[in-house]
Each structure stands twice: as structure tokens, then as C-alpha cells.
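A.B. asks: If you're matching them up, the sequences are chains A and V in order. Just so we're aligned, residue 1 is where the first sequence starts under my numbering, counting upward by one. Just so we're aligned, residue 1 is where the second sequence starts under my numbering, counting upward by one.
It is worth saying that the hints were derived from the structure and are not from the lab. Even for Gly, the Cβ is constructed at its ideal location relative to N, Cα and C. Nothing false has been slipped in among the hints.
The following label-pair restraints were derived from C-beta to C-beta distances:
#1 S25/V with Y107/A: 21 to 31 Å
#2 M67/A with S38/V: 15 to 25 Å
#3 L7/V with G277/A: 17 to 27 Å
#4 T161/A with D44/V: 22 to 32 Å
#5 E128/A with D44/V: 16 to 26 Å
#6 G57/A with S25/V: 29 to 39 Å
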Amino acid sequence: MPGYLYARMAAMDQSVISPVLCSHCGEECITSGIQSDGKSFCCEGCKLVYGIINQSGLCTYYDLNKMPGITQRVKVRKDKFAFLGDESIAARLISFRDENQTHVIFYLPQMHCSSCLYLLENLRRLNESVLSSSVNFTRKEVTVIFLHNEATLRKIAELLTAIGYEPYISLNDLSEKRPSLDKSLLYQLGIAGFCFGNIMMLSFPEYLGVDTSDEGLRSIFRWANLLLSLPVFFYSALPFYRSSWKSLKHRFLNIDAPIALAIIITFVRSVTEVLSGTGGGYFDSMSGIVFFMLVGRVLQDKTYRQLSFERDYRSYFPIAVSVVKEEKETPTLLPEVKVNDTLLIHHEELIPADGILTRGKAFIDYSFVTGESLPVRRDIGEMVYAGGKQTGGNIEVLVVKEVTQSYLTGLWNRNDRHEEKGQSFVHRVSKYFTIAVFAIALVTAVYWQMHDPAKIWPAVTAIFIIACPCALLLSNSFTNGHILRILGLNRFYLRKAGIIEDISRVTHLVFDKTGTLTDPEKQNMTYEGMPLSDVQQSQVAALASCSNHPLSRAIAKYWGVPGGIAVQDFKEKPGEGTEGYINDIHVSIGAQTSDFHLSQKTGTVVYISIQRETVGCFRFSNYYRPFVPALLKTLRKYYPLSVISGDNASEAENLRQLAGKKSVLLFNQQPDQKLDYIKQLQQKGERVMMIGDGLNDAGALQQSDTGIAVSGQVNNFTPASDGIIGAENLGFLGRFIRLCRINRKIVIGSFVISIIYNIIGLYFAVQGTLSPLIAAILMPSSSLSIVLLTFGASNIAAAGMKLKR
Amino acid sequence: MSVMIILLIASISVAGLFLIAFLWSVKSGQFEDDYSPSSRILFDNETPSKKQ
Chain A
1 MPGYLYARMA AMDQSVISPV LCSHCGEECI TSGIQSDGKS FCCEGCKLVY
51 GIINQSGLCT YYDLNKMPGI TQRVKVRKDK FAFLGDESIA ARLISFRDEN
101 QTHVIFYLPQ MHCSSCLYLL ENLRRLNESV LSSSVNFTRK EVTVIFLHNE
151 ATLRKIAELL TAIGYEPYIS LNDLSEKRPS LDKSLLYQLG IAGFCFGNIM
201 MLSFPEYLGV DTSDEGLRSI FRWANLLLSL PVFFYSALPF YRSSWKSLKH
251 RFLNIDAPIA LAIIITFVRS VTEVLSGTGG GYFDSMSGIV FFMLVGRVLQ
301 DKTYRQLSFE RDYRSYFPIA VSVVKEEKET PTLLPEVKVN DTLLIHHEEL
351 IPADGILTRG KAFIDYSFVT GESLPVRRDI GEMVYAGGKQ TGGNIEVLVV
401 KEVTQSYLTG LWNRNDRHEE KGQSFVHRVS KYFTIAVFAI ALVTAVYWQM
451 HDPAKIWPAV TAIFIIACPC ALLLSNSFTN GHILRILGLN RFYLRKAGII
501 EDISRVTHLV FDKTGTLTDP EKQNMTYEGM PLSDVQQSQV AALASCSNHP
551 LSRAIAKYWG VPGGIAVQDF KEKPGEGTEG YINDIHVSIG AQTSDFHLSQ
601 KTGTVVYISI QRETVGCFRF SNYYRPFVPA LLKTLRKYYP LSVISGDNAS
651 EAENLRQLAG KKSVLLFNQQ PDQKLDYIKQ LQQKGERVMM IGDGLNDAGA
701 LQQSDTGIAV SGQVNNFTPA SDGIIGAENL GFLGRFIRLC RINRKIVIGS
751 FVISIIYNII GLYFAVQGTL SPLIAAILMP SSSLSIVLLT FGASNIAAAG
801 MKLKR
Chain V
1 MSVMIILLIA SISVAGLFLI AFLWSVKSGQ FEDDYSPSSR ILFDNETPSK
51 KQ
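Just chain A, same shape as in the assembly (with noise of 0.2 Å):
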């Protein structure tokens, strides 16, 4: 038998045993050497926090969750949080501070489960500096209250990276804080229902019909009724005169107007009707108005608080870099960095401003900011852009434009946000109904004007109550509250209710390769040239282990590292490659040339060398995620399909296959030509979806009409969008648009229903014969049953997608 065909079959066997997950991080173990107390590890780093969490006896956290961890196979460098020694940024960051104690809240991304939080709530049995420290899950964030006698807010910092979370300090740190979240939403409602409740009590012996001897009691209940219904109609109310005062400003006629008319005109109609003795008014319709409005604007308002759907650059910057000066690191906060100042940029990290070369090998990867997936080489001398992170040694730049000046910053700033994205087929819905309200009050009018004018006044304002679009509102904001929570547990998370719309009405999709379509943790990998032998293979995966460049990595799970081989003189050169002994023979793992990644028509190459003699390389292409083929597929029969990328053509016939004849592919597009791409479908009359991440779409999200960010960890860091989706979700889109079009309809269907309750209400106020009863029974059954129905139909819609209800 050949050797290689041996070897094969060696491998096969190989991958038939089920792997070793990490205790930690629960990733696969590549090497089986990593031990401690009879677990098995991934990495040192992994085995390392494990070491220090089982010290201090909070093993629980293994206890709670199944491998909680998050792996630490890229290490934070050392002095990365020198930066918080310096007390000018130390007091940007902190809350609070006395004579002892500091407070400071930390973002951590990494947090993801109760394991997490059972860790975070202890730090003090860590660190005995620490007093407490509290977590708040939705936002992500850790309060801790620290001696700072005894310890510094670098050291905090460092602590919570020694156990895997990292805090996040980013440039937006700087600016004002976060606005808390407006409860007064909420204040607003718990108010309306107590008083709508109240109400309904109190009217009931009205409508009952209490003895006329009672009369002194039956004055009673209505002055109550009167004083109850203040609160509703002076705050409660509020957001619908605000919102259709504005619209009024703009001279248009949006939804909240009939209502704030509807609420007014009852409130009158009610108090005269009480100050004069002739009525008990209908302060239980106006209440249950508000009430039920305010209960579906808080369903359609619900934000997903962990995400941020506004972020800018300064998401992503961190907070200071390191200026030299007289070869002396000083740590500086980003804003006051200046034109001739020369940074200190490590080893992945970002470069903030525009700049030039001095020091170091650059080897910077744009695919952040262009999509490019190879990181590409600068020597001394040549311009480095903002967005760019170094994957090699230390460089030092010389900052030729400021940091808000840099063309990344431009790509933001430049764009004008089209706020009005026209108006919503709700509003545009509800001026023909206040129009047709207008007209019918006025017909009435006339018709009592003529035979019996003492009704025009119940009539007319009865017209008004009855006819209010509460229940198109209603039905509205329901169901995108509901179609949005629907989305949401299937991991699309929108930014508002509108967006429902707007995804309905898209005629163009536009995608973005990299990171969107296909998967940048993966490659796809062919190994070409001299067959090698089973140990030669363990050989090349062992050296391959030892690095943590993804590349490989991937190496080594492919060929397997057995235990028990020993990499002596291990080196590795970011950006080079990587060699050491094992049993004495020479191997690397990287290119003849100094050029790791040689870029070639096929795409990123790995050589391998053997006794520094070159056996074979690696191939590497794109792995697009298993579902692109059927999602591409799907989408291409009902919309044209656009691929955009800032990567080279080499993908351009697979592409084709999977977008279809008709689709248009581009590639090499920077930025700036993907929002002018964008812009030209606009012209041409299209409404455009586009869906990308990373910062080099940014500027193409903001300008589609709908743009959507695709995002592994969805609580991690996506460019500002319309929405965001989940990566691996992303396969759903079809049925996700399927749903919001279908969204519209329920919409439409319960417009007629409550289209028919209107008339019904019609029918008894032109008469002038709107009882109070009547309303009270016509307002809440009508809503009723639109809420139901709106439930009912979305959910059978979602059902008959198989998405997750």
C-alpha cells in the first residue's frame, strides 16, 4: 500500500473518534497535552483562567453551564490597559468616587449566560480589593466598587480579562453618557389603566340605570369619573398630541391627529355634559382609548436595548493610544491625538488616523474597512488608513490628518441620512379617513341644521368619538409589535416598526461577500503537491497548533496533532510564517517568498517546507455558509440580486452560478463606490435592501433604503443599520421578507374590520342616539377582536414558515 493512501485512511480513522472539547471554552482540542485535575483544554490561556476561577473556589461557574467559558486563544497583550493608569482617561471612565471607594461600570460583550453572571458577582472572592459588583445582563454591563487604595482601575480592568472578559473601552466612552431608557412610556400606562379601571367601575351603575332617586349619588360617580379622567387626558394622552402636533408642523396629516382630535373632542363633549347635568359623558371610552393605544405603542416600541443600531466610528476606535515622544510611550485619549504625532500601534490593534509609516513592518488588515480578505504589506515611508489593524509586530505611524478628518471618519460624516423614507402606507391610509370622518360630521350637520337643530352638537361630536382610527392604529401597532417579537426570536432584530414596512416594499437586494455570504472564521482548504507520510503530516500539524493564526489552525485540525510531539525553537513571524524543530527535522509553515499570503488568482496559498525543502502548499478559498446556495436561489426568483465586494474577482464564476445569470457582480469596490452603487438603483427607481457588514459597508447601509447587518455574535459590534441579523439566520431572509409582506396584509384585513365596527358607531352617532353603553361596548370589543385577530393571523403566518414562535 502507498504511503499516502496509508496515511488517508489514517486520517479517516482519525476523524471517526468524536473530539475533546475544551472544559473552558468548549471549542475542539487540536493538541491533547493541555491538562489540569483531569481536564482537558484547549489552550494554556483557557487552562490558565480555569486555574485561577478553581483557586478561588467558584467552580460553580462550571457547575451552572456547560463549558461557559470564552476561549483565550488570542492573548490581550500585556500593557494593554496601561492606558487606564493615566488619570485624565481614569476619570472619563469612573462614576463615582470618595475617599475610598471608586465605582465603575465596564461593557463586557463576552457576557452570555448565568455562569457569567455568577463569576462577575464574585469578583470579590478574587480580588479582596474589590467591595462588590453587580451585573445588569441586558445591557451587558459590570458595576464594580473597588478600594482604590488597594487597587487601580487598570488592575479591575485586568482582572476581568484574566478571567475571560475583557472590558471593552472604546472612544464612545468619551462622549455622554447613554441616555437611560424614557419610562415615561410606562408611567403613562400604569396611569391610564388605573383610571380607565376606575372609570369602568364607577360607570357601570350608570348604564345599569340607578333609581332617579339617587341622584345625588349618581352626581358623585360622575364628578369622580371627572377627576379620574384628568390624568389621562393631560399626561397619558400625551405622546399622541405631541406626535400629531408635529405632524401638524409639517403640514400632513399622520394618524395621531384623528386620535388627539377624537380624545379632545370626547373630553369636552364629557365635561360639558357633566357641568350641566345632562350626562355622564363617555370618560370610560376616552380612557380605554389611551389606554389600549399606549399599550400597543409600548409593544411596537420595545427596543432591543443590548444592540445598538446607531453606532459610529467611535464604536469601534479605542479610547487612547500610545504617542512616543522622546522614545518615551505616553498614553493619550484619541481626540487629543495631533497632526505630526508619532503612535505606537501593537499587534491587532487598530490605527486610528490617517498616517504614515516611520517604524516596523505594516502588514495591515483592511478587510474591516474594504472587505478585503488579505491583509496587505506597507513599508517605511508608504500612507497606513484609519480602520486598518496591524497583524505583525509593533509599527509606529506619523498622523498626518486628524482623527475626524481620516477618510474612514469622511465615509460617515459625508453621508446625508435620508430621514424621511416615505411616509408609511398607515398614515397615508388615515388622511383619507379623517377627510371622510370631515365630511360625514359635516353632512350630518347640515341634515340637523335643517330638521332639528339641537342634535347637531350630540351628533356631530359623537361622530367623532365613535369614529376614531383607534382601531387602525391598533391593529397596526400591534401586529408589528408582534411580527417584531416573532423576528426577533428568530434572531432579526429590527431597529423600529417601520422597518417592517420598509423591508416589504424592497424591489433590490444587494449583498456583500465577505462576511455576509461567505463565513471569514472558515476556508475552504485543498492540500496540493508531494504526498506526505502520516508522520510527516502530525509533523506539519504540530508546528501548525502552536500559532494561533487562523490559518493555521485550520492546518492543524485538518491533519490532526496526536499527542505527545514536542516543538523545540519554535518562532513565528506575524505575517511570515512559522517553523521550529520536531525530533530534530526542520519544518515551517508560511511562503519561500516573505510573502505569507501570496496573493494569486485562486487565492490565499500556505507552503509548507520540510528540512527547509518545500513539500506542498496549502489552497484556500471561500467558504460560503452551507445555506447561501438555497437562500440565493430563493431570493433570485421574486427580486434582481446585486453582489458588491472589495475582494478581488477570483469568486466571480462560483458567484455566478449561485446569484443567477441576471444578477450583477462587482468586484474591487471600495466604500465609497458601494454607496454610489446603492445611489444609481435608487435613481433608477428601485428601493434597495442591502445587507453587509464590517465598516466597509457602512456608508452602503445607511444610504439603502433598508440595510441590514449581518453579525456572528449578534451583541457584538455591527456598523449602524436598519437591522441586525444573526449569521446564521441569515438563511431565513426569504421567509423573513415573506413576513413582513404578509404583515402589511393583516394589516389591511383588520383595517376592514374595524372599517365595518366605524360604521356600525355611524350608524347610531349621525342619528344622534350614541349612548354612552353603546361605545363602551362598541370601543373595547372592536379592539379586541383586532388585537386577536392580528395575533392570530401573524402567528399562523410565522407557523407556516417553521420559524420560531
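Since the structure of chain A is already known, use the hints to place chain V on it.
C.D. replies: Just chain V now, with coordinates in the frame of chain A:
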């Protein structure tokens, strides 16, 4: 009839108490984080002295 007035005042003030309780719970942020309190209650109260 005055008994009706007393009942009325009593019932509205009881309802008012619940309204105040609701407003207080909103103000104190009970609706802001609905995950941690429910998990926190499940953690055992281990004292730091247990550490050897």
C-alpha cells in the same frame, strides 16, 4: 348612602396603592434587566470563608 362613599374611597385608594407600587417598580428599574435577578436567586450563598 354614605357607606357607598366610604367603599368608593376605600376601593380607589387600594387601587391607588397598586398604582404607586407599579410606578415605584418602574422607577427602580425592575423592568430593565429581566435576566439577572431570576438567575441570581438560584446561586447558593457560599461564604468566602469556605475557601481553603
